[in-house]
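2 protein chains.
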Amino acid sequence: MKEFFNPRSVAVIGVSESPENMGRSIIANLIEFNYDGIIYEVGHKGGTLFGRRIYRSVSDIPDQVDLAVILTPAKTVPGILEECGEKGIKRVIIESAGFREYGPDGVRIEDQLQSVAKKYGIKFIGPNCIGVMNMHTGLALPFTSFKNVFRKGGISLVTQSGGVGISYLNVLASENLGIAKFASIGNKLAVNENDLLEYLIGDPETEIICLYLEGISDGRKLMETARRSSKPVLLHKSNIGKEAKAIAQSHTASLSSDDSVVSAALKQSGIARFKDRETLVNYLKILPLPKLRGNKLAILSRSGGHAVIAADACEEAGFTLAPFETRFISEIEKNFRAHVIQLTNPLDLGDLFDYQVYAKIVERTIMQQNVDGVVFLHTYISATEGDASRSLFAELEKISYAHRKPIAICVATDEEELYRLRQKLPQPVFTSPSDTIYALALARDFRHEKRPEPASLPKLSVDTERAKGIVEVCVKEKRNPLLVEALEILEAYGIPVVKSVFVEQEDDAVKEAARSGYPVAMKIVSPSISHKTDLGGVQINIRNEDALRQAYRDMMANIRKRAPEAQIEGVLVQPMIQGGRELIIGAKNDRNFGPTVMVGLGGIFVEVFRDTSLRVVPFDERETDSMFAELKGYPILKGARGEKGYDLHRAKEVVQRVALLVKDFPVISELDLNPFKIMPAGEGGFCLDARMVFSK
Amino acid sequence: MKEFFNPRSVAVIGVSESPENMGRSIIANLIEFNYDGIIYEVGHKGGTLFGRRIYRSVSDIPDQVDLAVILTPAKTVPGILEECGEKGIKRVIIESAGFREYGPDGVRIEDQLQSVAKKYGIKFIGPNCIGVMNMHTGLALPFTSFKNVFRKGGISLVTQSGGVGISYLNVLASENLGIAKFASIGNKLAVNENDLLEYLIGDPETEIICLYLEGISDGRKLMETARRSSKPVLLHKSNIGKEAKAIAQSHTASLSSDDSVVSAALKQSGIARFKDRETLVNYLKILPLPKLRGNKLAILSRSGGHAVIAADACEEAGFTLAPFETRFISEIEKNFRAHVIQLTNPLDLGDLFDYQVYAKIVERTIMQQNVDGVVFLHTYISATEGDASRSLFAELEKISYAHRKPIAICVATDEEELYRLRQKLPQPVFTSPSDTIYALALARDFRHEKRPEPASLPKLSVDTERAKGIVEVCVKEKRNPLLVEALEILEAYGIPVVKSVFVEQEDDAVKEAARSGYPVAMKIVSPSISHKTDLGGVQINIRNEDALRQAYRDMMANIRKRAPEAQIEGVLVQPMIQGGRELIIGAKNDRNFGPTVMVGLGGIFVEVFRDTSLRVVPFDERETDSMFAELKGYPILKGARGEKGYDLHRAKEVVQRVALLVKDFPVISELDLNPFKIMPAGEGGFCLDARMVFSK
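In order, the protein sequence lines correspond to chains A and B. FYI, my numbering numbers position 348 of the first sequence as 348, with every residue one higher than the one before it. So the mapping is simple: my numbering equals the position in the second sequence, first residue as 1, plus 696.
This is chain A alone, in the form it adopts within the complex (with noise of 0.2 Å):
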């Protein structure tokens, strides 16, 4: 990776003398960025451009090159390719769009391309992209010309969109926020967003990693990949919904994942994920500043209204505004001209006008015990307070680093001042006192420096062998397991299940409740038939032998109507379980991260509120728990007002046999537990229905 930022020399190949092609803004870039590097021009028109003569080919330059960009008809890149491979050029950049993003044709051309690079051991980056940059080289390889407005620093940019790429350079340089390398990867058709990560977390300039994502190329490699990384890796990921689906199809190929197994799986792996642009740039604002390192803040505010809005988004993020020491509040005391302010936090500087003393009083109070961040809220007028403001904002950033603690910047003031602010301040500062608080927020939730260990499953004894007889069975007679094979899958995980006995006939069904005991439930058996409560397949709450005929034809009756080609193998009698409550336990082998386990309440809870909680397997005992706590619904199973509690230890368990289960068999590609009745603190729990599905 590291020869696509640092080559020695360039090759733009593309480029004419007409004012309208877009490679000579290549060439524009790098001589704008003063590229450190030579750059040579060619296009097959040849002439001559900013005074370098366009060579017809590759071939035709006399010297090594160790970069190509290539920016020609898709039709044309494949012989292109061809000819840097024949020059030994082992890096290239495509940057040329219509590719597979748009239809067939595309595909084919891509398959070549493959097969081109394959041959002369090429690595590419793209097609359908705009290139990289190294702000520290000067390399600067997009088609759209830039001026040089953007700082050196410690963030690194991997965007799939050119475009959105464009838009994070042009906000991160009027947010004064240093980049040190940007890669737009396009069609991702060899180099992927794991090979630039692995490359950023291992290179010196790069303090912060940012992805913005249409297609996740490969959900695991990606998790283990930012498990290493030390650095803060932050992603803002589209393409959530059905309305994105076509046009991120047509725009880089990307096909959408399921959003909650792509949250879940970026939260497991400590990356940072964001919705949009606006959360995720004033998240990089904060970041360069000391860590928060708890909950409790102070705000100091020239306007009180600022301060009342800022104490309200504190709420809501669940800041604490603790109160201040006494023998602060009468030093501060001394140094106010009018002894009016009220001395609360958030403190109202309203009647102070003296630079000096908000220096002092903001080091006071970041010196407290009970203060782990200051938010300064600074209402101004340029024009007379411009340069005591912008020399404070330097002041303050000095204390910040001397006191490791956080201050941040939140400034209401002309637009003209914001402007110069943005050009020249050293630091970057907030416009609105909601985004600070929110900003200051996620730099608490996100702790980049304790990065989640390699997850495994804790360690539960099962009898692997007699489940895998089982489903060796089926997956030999193609086909998805009885309920009763599935409950038996589910015992052999050590997964608590209903009793249940199998019978082919009505009587033997009369039999065996008779034997077991009233109330019973009857449910059906059969290959065919997966959701079987949709068919009047289920039948519960049977009180007696009356009871249970009626409910036996009414099921076949059902079963013969609304699914005539059901093969029915007989029927399951179990008894009633009285009390506890439902859970669903779900589990779904994704395409691109591999099995996922869901749990929620039953019934409405899911269907109604979507109170659900996933995670990727293989997770830990902790993240078994949060999952857990992450329901709303957690106060009921905890025991809310008082009231005893569900068995969460035992649920907790089944949730890892489960997780462990879709682990070792792939073929399952679903399975519900559905309900797993959770039963009073102590007393366990049970499964009573299952559906298990296999991939084909």
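Since the hints were derived computationally from the structure, they do not count as laboratory data. Positions of the beta carbon are idealized from the N, C-alpha and C atoms, including for glycine. Check before you lean on any hint, since a few could be wrong.
[Claimed, not checked] Dumping the calculated EDC-like pairs for lysine to aspartate or glutamate here, alpha-carbon to alpha-carbon at most 20 Å:
hint, chain 1, residue 1, chain 2, residue 2
1, A, 291, A, 445
2, A, 638, B, 1303
3, B, 1328, A, 607
4, A, 242, B, 1012
5, B, 819, B, 782
[To be verified] Residues from chain A shown here face chain B by an in silico Cβ test under 8 Å; the list is partial:
hint, residue
6, 149
7, 381
8, 419
9, 420
10, 608
Put chain B on the given structure of chain A with help from the hints.
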């Protein structure tokens, strides 16, 4: 009110020659904004400033003065107000701070102000504010000096906090939004937001009214006034939670209101409520455009990535991206230089670089039947495309008005160009694709052209006299109604209650249960107990005599232990109601907005999911429908997944009857029907228990 904004002469009191004097900033502003009246400077030290004599007192001014602005220490203000009165000045703005917001001394000075004002018939704004502005006359009275970067326009702004007011003015200026009038009202001692709202509704120069408030002076008045407005009324209300309380109190002496009541009240009176400045300003950017009349958007974008982001936002905001008509597609295809683009919605303009064609495509798009509004996402390089882009934006605005559908423009470009756009462009533009969509969603959801009719409760037959009898007894005896009495009051208002028989002795309870049939419930009746369950005063599901006797003794033991002082009158025996679902129907008399009614699903739905819905009384049937419909658990009540729903018709009627009851009897400060059992559709429902609290 008009006189505050259109004085022919202004006296600024508190002016001195000192460079630190704040009064001089007011004079500077009047000069900078080219005020079209006569300016008088007043200050007890005299002298000259800006070529004018500083009068030592208003009484020294030889001419008549229409408006006085006072900016002198708080304790001097009553005397100065007296002088204004003597001088015959009828409108005064008091900008000085140091009143009620600083404690009891300030309250005393405020009382003096009130009596002086009364004596002379003076109307005044403030104290503790930054005055008013009228962009159309150059009246600019804030004591912080501005450059006149503001545009004249139709937005009028009323803010309680001066600092927040200034930041709004700055943001409006930088977003190309034109201002009509501005008023900062501070402590609102005399003139409050309702006076200004009333005035601005009738003011011909005002098209949109924006308020920033930390406290609401008179909620019901605000509702009534806003309902009469045919102009959009936007309110940014802060001071929501406990963290903000203290600072808001010391800042503008504002008390916080129950925020759910505030939100309901604003919605019911057609006020668009905002919790931050950013969203409000976003909405202001969309308001001047033609109204969005439907839910179908078209997105045209030069960057596929921004189109993906916008499409995700559309889905989240509930917009539909309708497919384009075939004829339109073939027409577009002819215009494209390269025929590689996918003709989807969002439409990626990727390969097309002709600005004339852009305008044509946008026009053809907006002319389509299934397009209610267009989002144009424009990524461009200012150096080469700046001029063309700005012409295009002007063209698009014309197209938007010609076809009476909104075209929202969102740009991605460099900071310098953004600054230029903000200075020079006639219309506001967006810089975030998601914000653009969310602003359109607000434009869709708030429909100011259809302002809510003055609401009234539907006609319902009730026995007011019967209720009045019981209420009067309780009021006379200075106590809350007993459970039996509360249930009887409800019954008098046509609210079905479960049959409840009051008995005084254990044996009578046994007899009554035998008569009505087991199972029964039993509840304590005591004037001093309102939360019966918490004290063990409710026993349910009693199945026979033994159980009843045991339950009776348990209950008495509980009460004796937990509330030894409580005087026990007896118990209530009720049949157990089987089936149905529990609702909570509550009412509260809000200090500021008067009676309110709340509904939620019972138990954990309210306690854990906080799923409740509230309205300010009165409200009509449509409002009652929406009250239920906005519950997250509404599908449960309506009948989810093909299940039969509950008797919503009856439940809604009960909610209206409760509203009528608390409206007729303002003495009821709190009322809970908990639970109200709602039975399956057609079977009605019953109030099983009630708690009614009278105001002291």
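Here is how each hint holds up against the structure:
Distance hint between residue 291 of chain A and residue 445 of chain A is fulfilled; the C-alpha atoms sit about 11 Å from each other, no more than 20 Å. Distance check on the hinted pair: residue 638 of chain A and residue 1303 of chain B sit about 14 Å apart at the alpha-carbon level, within 20 Å; holds. In summary, the hint linking residue 1328 of chain B to residue 607 of chain A is supported, as the alpha carbons are separated by about 11 Å, within the 20 Å threshold. A distance of roughly 11 Å separates the Cα atoms of residue 242 of chain A and residue 1012 of chain B; the hinted pair therefore holds under the 20 Å criterion.
This hinted pair checks out: residue 819 of chain B and residue 782 of chain B have alpha carbons roughly 14 Å apart, not beyond 20 Å. A least Cβ separation of about 6 Å between residue 149 of chain A and chain B falls short of the 8 Å threshold, and the interface hint therefore holds. Among the interface hints, the one on residue 381 of chain A holds; its C-beta lies about 5 Å from the nearest C-beta in chain B, closer than the 8 Å criterion. The restraint placing residue 419 of chain A at the interface with chain B holds, with a minimum CB-CB distance near 5 Å, inside the 8 Å limit.
Residue-level restraint check for residue 420 of chain A is violated (minimum Cβ-Cβ distance to chain B is 10 Å; threshold 8 Å). Below 8 Å, beta-carbon pairs count as interface contacts, and residue 608 of chain A has one with chain B at about 5 Å; its hint therefore holds.
Figure legend: structure checked against the earlier numbered hints; the only hint not met is number 9.
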